[in-house]
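For reference, the chains in residue letters:
6 protein chains.
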Amino acid sequence: LKNLRKQNLGLRIKVIVPVLKGIWEDITEKELCSIAQPTTEIEVRGLEYGPKSVECEYDECLAAIGILNEVKKAERQGFDAVVINCFADPAIHAARELVRIPVVAPAWSSMFLASLLGRVFTIILPKIFGLGALGIVERLAKNYGFDNKLASVRYVNVEVLDFLKSRNLLEKALLNEAKKAIEEDGADVIILGCTGMIVVARFLSQALPAPVIEPSSAALKVAEMLVDLKMSHSKLSYSLPPSKLREYSLE
Amino acid sequence: LKNLRKQNLGLRIKVIVPVLKGIWEDITEKELCSIAQPTTEIEVRGLEYGPKSVECEYDECLAAIGILNEVKKAERQGFDAVVINCFADPAIHAARELVRIPVVAPAWSSMFLASLLGRVFTIILPKIFGLGALGIVERLAKNYGFDNKLASVRYVNVEVLDFLKSRNLLEKALLNEAKKAIEEDGADVIILGCTGMIVVARFLSQALPAPVIEPSSAALKVAEMLVDLKMSHSKLSYSLPPSKLREYSLE
Amino acid sequence: LKNLRKQNLGLRIKVIVPVLKGIWEDITEKELCSIAQPTTEIEVRGLEYGPKSVECEYDECLAAIGILNEVKKAERQGFDAVVINCFADPAIHAARELVRIPVVAPAWSSMFLASLLGRVFTIILPKIFGLGALGIVERLAKNYGFDNKLASVRYVNVEVLDFLKSRNLLEKALLNEAKKAIEEDGADVIILGCTGMIVVARFLSQALPAPVIEPSSAALKVAEMLVDLKMSHSKLSYSLPPSKLREYSLE
Amino acid sequence: LKNLRKQNLGLRIKVIVPVLKGIWEDITEKELCSIAQPTTEIEVRGLEYGPKSVECEYDECLAAIGILNEVKKAERQGFDAVVINCFADPAIHAARELVRIPVVAPAWSSMFLASLLGRVFTIILPKIFGLGALGIVERLAKNYGFDNKLASVRYVNVEVLDFLKSRNLLEKALLNEAKKAIEEDGADVIILGCTGMIVVARFLSQALPAPVIEPSSAALKVAEMLVDLKMSHSKLSYSLPPSKLREYSLE
Amino acid sequence: LKNLRKQNLGLRIKVIVPVLKGIWEDITEKELCSIAQPTTEIEVRGLEYGPKSVECEYDECLAAIGILNEVKKAERQGFDAVVINCFADPAIHAARELVRIPVVAPAWSSMFLASLLGRVFTIILPKIFGLGALGIVERLAKNYGFDNKLASVRYVNVEVLDFLKSRNLLEKALLNEAKKAIEEDGADVIILGCTGMIVVARFLSQALPAPVIEPSSAALKVAEMLVDLKMSHSKLSYSLPPSKLREYSLE
Amino acid sequence: LKNLRKQNLGLRIKVIVPVLKGIWEDITEKELCSIAQPTTEIEVRGLEYGPKSVECEYDECLAAIGILNEVKKAERQGFDAVVINCFADPAIHAARELVRIPVVAPAWSSMFLASLLGRVFTIILPKIFGLGALGIVERLAKNYGFDNKLASVRYVNVEVLDFLKSRNLLEKALLNEAKKAIEEDGADVIILGCTGMIVVARFLSQALPAPVIEPSSAALKVAEMLVDLKMSHSKLSYSLPPSKLREYSLE
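Protein chains in written order, with this note's numbering: chain F, 1 to 251; chain X, 252 to 502; chain D, 503 to 753; chain B, 754 to 1004; chain V, 1005 to 1255; chain L, 1256 to 1506.
With a cut-off of at most 20 Å between alpha-carbon atoms, the simulated PhoX-like pairs for lysine-lysine come out as follows:
id	chain 1	residue 1	chain 2	residue 2
1	B	895	V	1146
2	B	826	B	988
3	D	629	D	682
4	B	902	X	400
5	D	523	D	554
6	D	644	V	1146
7	F	149	X	393
8	F	127	F	165
9	B	805	V	1248
Label-pair restraints from in silico Cβ distances:
id	chain 1	residue 1	chain 2	residue 2	range
10	X	430	V	1248	49 to 55 Å
11	V	1189	D	580	53 to 59 Å
12	L	1331	V	1180	36 to 42 Å
13	F	184	L	1417	56 to 62 Å
14	B	929	F	180	57 to 63 Å
15	V	1210	F	164	42 to 48 Å
16	V	1047	B	929	50 to 56 Å
17	D	668	X	328	37 to 43 Å
18	D	580	B	936	30 to 36 Å
I should point out that these hints are in silico values taken from the structure, not numbers from a laboratory. Beta carbons are placed, not taken as given, at the ideal position from N, Cα and C, and that holds for glycine.
So that you can see chain F by itself, here it is in the shape it has in the complex:
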């Protein structure tokens, strides 16, 4: 099978981690390869410039230019699809305007997947600062048409930048919130509300009676599905930006 991958028989998918490069690439690649089709080639990329993490709309704006550059490059490099690997789905609509290959986002893919599997889902976020993050997630759900499937938004008390060094703590906290989501909010599917939670996803899947959706994996599989089907986002709606003077325009 390894040979197949080398022979370029399979798909090539670029996964953009829209934060400063260096932390998330390796673990993300390792985990995604374990659920990809055997012939799929995955390249995970962080940003040269951008925020260290995405926790508010301000961070999303700061990450946008870097994301759009990488998306445009991906198409030129011959990738079959792109994943913008952050649960805020930053710049997803703009990115889809720029290219013809599918651009896929984790929150969107996760909610899609959740609504195929059950009645209503709960999203569990990392530690939040004010209620702003709830607003972001609710706007995404409404935007994608899933607001009536959203049982609740919950959060743990562990910051995203501490996930790698506090796995046990994170596991316990997520387990606790997920159980409350099932018992108190009536959720029958759990969505991990941060791509960084990939480090504890397997544990949670095994510990809970409900399906647990890890958003990077969901996005990757949706990307594969679209490429296999030779489909992409509708260019009727995600039409190419008209050309004109843009001082910051991408290379």
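Knowing the structure of chain F, use the given hints to seat chains X, D, B, V and L on it.
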């Protein structure tokens, strides 16, 4: 690659065609194999007893027992997932109660795929008898939470039982309705509203500027995705039927 | 007045109890006669074949054929209307396709009645097995357009098959849940979510400050109302099934 | 049967026509008696003071005091239920606060009846002055939770005060709009949007393939149903007004 | 600046307090002047006849004629806009039919303002009698299209007629409910659900971390905004009532 | 009055035009001053770097950093409020996170103003490129909770960059679409869907029977209203971004 398929390295998916066996199995299998992962094994099955086609809720009720028997058998036979291959998604909820392997349906899969690709979609049905078929499709969309993504439901003047012998007519009629859906109803994604339209799907994809979703293919790829992710419908909500006396109970 | 009933001056309504015959017919007939118009004739019928109770979608599928047979027969026998007497409203859409006389269902009628009487209602179910029954009720509410009137779905810990022998227990449990529905969920109308609860409906009506809807009674009165108005479901939408080969077709 | 009516065995229902008395009482009583239960006694009452017809919210405000007086009197007089017989359902919520007997309204009853019979309904109004009447009807539909069942609101070019002298014109105009509602708007049920249309309801029922709902009749039958069921609006929500100084308080 | 006001350079706004005159005029005028534009002239008017307070729909009906008279007079007197100063927004639609100058209402304006400032809001009512007041507020929210922004409706245990003599009690009770709204219901904006709460609004604004909307002030500023923009409600929808016999017609 | 403005008695509002500076500042300032309160000081600012116009989500991303810089600077400079003057409301949520003074957006303000004035509104856009712009506007409407008030989105065939040199053409085209919106789509309020249309707004207001909302003016007046009320967006939900490494962070 052929060897891979034989070595049982890949997935095994049963596709149930919930009408009297004999007409749709071969063409469905051929088309689905062309978009399946190279190692996926597909078995397409019609019913021994049931309606010749599914065009109303009465037909759905007549097909239900046969479908549920096949679904239950599929799990025992070691299949990884089941597709109930009819755009009315007959008995989908009941089927999910009976087994732990994913059971996937074409209308559901198509609407979700469509909502990942654009703003609003149009579903084009075969010739209808009264407005009942519109009601069925609208109830499905509402049931799955996609009623606000439904631009319109249209239909052609070709009966489902004439699809195989009238391909040209069907192609032209679908093309015509799809164009009206885009121009008059503002749709940016087209869903073919009958699994029998698989015979003309390729032509339509190439002839239209919008993504065209063929429902059998959508369901198959969703099934593959779920198995790859080791996920299934939530057994919290699709709980096993409590055991008790049932005169018609399945073998 | 008794004479009037005998002289066939009034309506004739068939009430189909879609479970194995023998348990519910007598008590249902007795209770329904007490609220029917004095000249209405009521015939209550269980199934020859079918599940012992309807607690999941699988049970609904098993009951469907039997129901449809009885509905079709009812029209031939000259009944003025049919009630499918189970709170899951099994096969209601298919049944309406088959005949011109009104076919009426308890959950639908109850939600209709509740929304005429107050702001939001709570439905109280028998003991549930998993969350599946909640999904069934929520889908019905959405299907009929009442999801925004549904304050909550609650349930007691008494199985439907124990209702007759545990009336006191059932009364207390329903009273308890109804009070919580009013105080915690803000409900101002209570719907008994099982036609078997007819055995304790009078007690609850007297014990609670909110209207209590017994679903068999609601369905019967809606049936009478429709016949008096000479109205039935729209045959534009519930069009007769097109004739074709159906292996299981009804007598 | 006539004797039954005289012996006061049946229900007594007051029908308030909330416009200046003199025009509508006789014809309304005659038509309603023809569909009432044989033992129901109906008393139709116009207002001493009020507008000549109800065509805007201003007219509703002018009619309110007279309506509320009649409702309060009806309870004291021992009536079993009240119908406020105008399609704008004026003062319905206030009236329900004042009494314990059921108060029923034609638009509300019609929309509920329509939603029991089909998918989506069209309401056809008399001649309108500006778009204000559309707003009134849309607010009612939203208020009662039926906005998603409303296919369209249409109107004829005949003023309500000309209905009696222009029956033929009215019949033709309604027939014309109803046909367009079915063909262009997809309606499968038609609601006559004015209680004055009772004069042509029978003709329309026979001339159209869809159920035609006459709102006075719908309200009367809902009133009878509630009394038979010994039910009324929830006094939890329609609580009695707290007593205090009210300069205009009712006798 | 005082001179400006005298020179009639600014706006003239009539504020109708739709209850028996004598209690609320002075304090309302004083508070509104403190937030009005420096040149705006404000006239606050109670009713000659009407209820002592508005706590149910019956009170609204009793206040309606008095309100409509004052609105009509306001236009004749050359006022630029009218505020109907009660959180039930009584007779707002009828009033808009009668005149061309903007007629503005506190609940409508408050919900509008709240939805500009945050995600979801809580409305806190005075002491309620039964659940009727909740129904009124919910119908208003639905009517204006804000039901999906309504986090909760809460109430304190202080009657509106005791507000002036129990300010401390009212402040504490409102503070308490507002905190629960933020912590338990997730509200990020608080609406004071009674124009009489103007007496404690400043205290609450300073004591809470969320914006606190005082409804009279909101309505006044919306009125000023509309006059500055030379805009008013659409006379297409709020068309003038057709002229005809109306026994109670306004002077 | 001029003196008042100089004496800094009034508000100071910064209006950010989120495109390359040079074209829109003067005309925008002139028009806004004509409807501002007499003492309000308005400063209109274009961007140093950014797109020449905002016609897609890609343009929005390119403008975001420049907008956020100006917003942050505005607070430091002592402005009372900020308007982001483009109908796509770019970076509105991120901007609100960064500051405590109100940040207001034209589309949001226009939709809320429209919903205060009538039943349903139509938005008329400049020439569009593909259907992408429709998607942007629909997402905004949904995001703000106004999707059920949106009668239609229409567009003219004049590009935004040609507005200044083709006023007559623009006027005629807008008039034409507005009339169709009223007659065909049932709109009773018209929203000009581009801040550049300020150049023809007066003409349209006078030529149409429905209120015409010019979005820059709507935003300015909402900003004034908020400052007068001493209110701003809820910092519970628009919480300050947590501090951390951000390579692109604003000065």
